[in-house]
Structures are given as C-alpha cells and as structure tokens.
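Trainee: If you want the building blocks of each chain, they are given just below.
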Amino acid sequence: MNEKVAIKIDDLTVAYNYKPVLWDIDLTIPESVLMAIVGPNGAGKSTLIKAILGIIKPIAGSVSIYGKPYQKNRKLVAYVPQKGSVDWDFPTTAFDVVLMGTYGKLGWIKRPGQNEKKIALEAMEKVGMLAFKNRQISQLSGGQQQRVFLARALAQDASIYFMDEPFQGVDATTEIAIINILKELRRAGKTVIVVHHDLQTVPEYFDWVTFLNVKKIATGPVKDIFNDDNLTKTYGINYKVAVNK
Amino acid sequence: MSIQEYFQLVWNDYTLRTITGGTAVLGAICGMLGSFAVLRKESLLGDAISHAALPGIALAFLITGAKDSGVLLLGALVSGLIGTFWIRGITSKTHLKSDTALGLILSIFFGFGMLLLTFIQKQPNANQAGLDKYLFGQAATLVESDVRLMIIVTGISLVVMLLFWKEFKLLLFDEDYTKTLGFNTKFIDIIITFLIVLAIVLGLQTVGVVLMSAILLAPAAAARQWTNNLSTMVILAAVFGAFSGVFGTAISASQNNLSTGPVIVLVAGVFVLFSFIFSPKRGLLFREIRFRKNRSDLQLMKTLQFMYSIAEEHENISHPHAIRILNNFHGFTKTSLKKLENEGLIAINGQDWALTPKGFKQAQEMYNQKPANE
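Listed in order, the protein sequences are those of chains A and B. Each residue of the first sequence is one higher than the one before, starting from 6 at the first, in our numbering. Each residue of the second sequence is one higher than the one before, starting from 40 at the first, in our numbering.
Where hints are given, some of them may not hold.
Listed next, the in silico BS3-like pairs over lysine-lysine satisfying Cα-Cα at most 27 Å (straight line) [as the list claims (entries may be wrong)]:
hint, chain 1, residue 1, chain 2, residue 2
1, A, K80, B, K400
2, A, K188, A, K228
3, B, K218, A, K80
4, A, K80, A, K13
5, A, K110, A, K122
6, B, K218, A, K24
7, A, K138, B, K205
8, B, K80, B, K136
9, A, K77, A, K62
10, A, K62, B, K218
11, B, K218, A, K115
12, A, K77, B, K218
13, A, K77, B, K225
Everything labelled a hint here was simulated from the structure, so no lab data went into it.
I would like the entire structure built from these sequences, with the hints used as guidance.
Mentor: This is the structure:
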C-alpha cells in the first residue's frame, strides 16, 4: 500500500443547533484507496463529506488535501452529490451538466471551449452516456442521472473523488458499471471515497472502510477491520449477519 | 382610439411612444430576470421585494421632499435590498422556512410603507399628492428620462448576465456543487438578487407594488413551457414580457385609458394560459392528445398480438382466419381492423383476415422494441 496521505482530517466537529452531528473526527486516508463510509442513518456520513468539501461549515477542525489546506488544493477534489439534491426538471441537457465539471478549472467568466467540450464528451463516453448527450435531463432514468453526475465529476479530472450514495436507486447494471469505473480510478492512483449503504457489498467493492456513527468508530483496510465487532459498535446491534471474509 | 389607431400613433405621439417603450423594456428585463427567480424556486421573492420597496419610496420623499422618480426609486432600491437580506437572514439564522420569512417581510414592510403613506398624506404639503400611484402604478407618468434609465439598467443587466452566464447556470442547477468548484456562491447569489431587485424597482412606477411580481413571473412561467434550454427560456421570457408590455399599453390606451399595470398583467396572464394549454411538449392539450393516441395505438397492438397468437400455430403465417373468431376478444372494432389493414399489418378478404409478413414480424418484436428516439 502506498503510504502517501491523500486526505488528513483533524478534530472535525459539526453541529446543527448544539446537537453534534460529527464529533471530533480524526481521519487519515492514504492515496489510491477505494474507501466506503458506512454507518446507520443519521450517523453523519453525508455531513462528513459536505464538511470536508466546505459545503457545511464545521465548528471546529481542519482538512488538508495532499498536505495543504483544502481551499488551496480544491482543484484536486471532485464531488458527486446525491442525485436527489437537484431539480432534474431544470432546462438543460445531459451534456451541459457534464460540461459543468470543467467550470472549476476554467474559473470565473471564461467560457468552456473546444478543449472543455472534448473533456466532457470523453467523460460521457466513459460512463456509457454518449448516446444521451443531447437528452433533456428530465428524460433520463435514475441510473442515467447518476451516470451523468459521475461523468461530471470525471470531467473535473481530480485526484480525489467524493461520492454521496452513488448506488442509491440504480439498477444492477448501472451499479456494476459505476463500481468498475471507481475501481479503474483507484488503479490509476486516484482516491475514491463513497458513502455506502449496502454492507453486503463492502468487501467486494472496497479495499478501505471507515465506520462512522457521529464519532469515528474505526478506519482501515477492509480485510483487517470489516468485522462483526466493528459493525456491532457502529450499528449498536449484534451484527452476526455480516459477511466475514 | 382603436387599437389600429394606437399602432399608427405610437411612432409619432410622444406620450404613447414613451409609455410603450417603457413598458416594453420593463417587460423584457423582468421576463429575463424572472426566469432566474422561477428556476431558483424563489417566485415569491419578487412579491416580497416589491412590497418591501414601499417604505423606501415614502422615506425618500420624507427626507428629500421632492417627488423626483429617480430619488424615490433609489429609496425603493435600498429598502427592497434590506428586505431581501432580512429574508435571507431569517432563513439562515432561524428555523423558519423561506415562505414564512417572505410572508413576514412582505407584510411588515408593506404595513410600514402604508403607515408612512398615510402620514405623508396628512402633511400640509401640496407636493405629496400622487405618491400612492406607486401602489398600483401609473404608466402615464413615465417620461423619457425614466425610459432612458430603464434602458441603461437593462443594458447593464444584460452585460452582467452574459458575463456570468456560466456561473448563474451552475448556481441555479446545483448550488452545493458550485461551492465545491471554488466559486463564491454568496457573490453569485448577491448579483442575481441585486439584478432582480433592480428590475422590480424599475417597474414600481409603471405597474406598482401590488402587481409587480406578476410581470416578473408570468413571462418566465410561460417561456418555460416552450423550451428545455436555459438561454432560449430567458430570451423567450424577455420577448413575452416585452409583448405583454406593448399589448397591455395598446389595450389600455385604446380602451378609455384603462389602468395600464393591471392590463399588462392580464396580457401576461394570457401568455401563461396559452402556453400551459398549447405548448407542444408540456402543454395540457398535446399531453391529452398523446395520451389518447397512445391508448388507441395500444389497443391496435393488443389486437395484433392476439392475431399473432392465432397465426403462430399455423405453418403459413398468412393463413386466413374468420373475423368471427375475434368476436370474443375485447378491443377489436371494424375501425381498428381497418387501421391495421391500412398500415399493411393484416389483409382482409371478405369475412377473413390474415396477418401479413410485416404484421407477423411487428407482433413478434413488439416486446423487445427499442424506444424510437434512442
């Protein structure tokens, strides 16, 4: 395992109206892992990602990306939000949405040109959505919407990818297509962090895992720490059903 | 004056030309910026802003003692902006939802504005008459300098919009994502909101506090029906807005000087109604037609499928069968058979029918068809 650290989080604490949602999270994520964040509903999984990305302001703590504060290395980070977080009736096409992935590197005011369009088309091809590029986004199925969001993140050409439940409400074909792309990203040395719900597939899909329930329960390689003990600590019930490898 | 006379006069008559120009420009800028308000699901923000502008107008008059529309609109702008930022503040700092915040600010500011207006009316100042025109607007008071101001503001908004088009679109679609890309979403939000407040304030003299939000929303709501493209929507909304302004003015001028603001709003309302019914993709009429056509197509395909199940058992797929054997099958009629024949799917010979090879093939492939537009 490469020992280079991609993300280092210190003392991260988030609270909504005095109620802590994340409590004093320390987390070090090495480069080139495919990591699942697991935990029960309300454990703060999405909040953790949003706090790392600065969407939610933490009340304490710091995040560094490759040794620099997140704000300095923001361009190395791509984000795939939950697909339910936007209005899919917005008047635009799938291609336009993917093109948005290139806006960050473009910066203010500059318009996307030939180069950006090429990047967007390549990203759409990778997720198998090229045929749908001119499709109005409201005419896409749930799985296709998820692929469009993934393509948008790919167009960011980042080193670290955060994904909020990319497998939610997609069919088996799309799930396999997405996980194959994520595995390919890891092989290319990228770090991928996924909020994940399906415990059964954790050992198959991921090589790194973080157990979260307001506090960090455990983090490390799946083969070492994905066990009944940690699952029980995280979910609070005796977790004998979990698949052990 | 009839409508024809109006359109002959409009180029030469100073008053008519000024009013028409003003309402057209106002409709255009409001339609344009209203698209953003509609897509941000902040339709009611316009209503709150216009009501919040009223105390500003009254205070500007009390402070300066002059009824210069530029000064009064500046007051409106300031109090409109204060109202908007209080709404934003309430939603972000308390548990109240945005509709509550909008309602609160709208009524409190409007109440304060009305209070100031009645206070002003009690003053022994001859100059005070006519401030209440800002309630319902009075297009007839527009002068050339007002129109020039509208054109300048519209021009500036247009430039800002073209400059930040990419950022606006991004923020409208996905605000969180915009943040992660490193854009300052507060800044983009302030620009959009500021432009909307400007447009509203410009319209107060013509349309008035009470009806202003309709000019902002109606053209945008109508435009959304006709297109799935953001830039087309904004352009279309501007065009609808401008036409509402012109037609509204024409109708009000030709019908005994009916109050212009309400007529413009009603014309814009007609645009909305027409669009809701007749737009090809989202309109009610075509949806109903599509629904019926699908239903009748489905009926035909069911009949064909039934015929296929009979024909399948014969070696010759085009072996003729009596029409009578279909009698127990629901959904077949003489017309539906005729339709199938016209499409070349079956052949009818006296009392017999037979599947054609084309009909057989279509029935066979019915369940693994690809959508036609893929």
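Trainee: Which of the listed hints are broken here?
Mentor: 1
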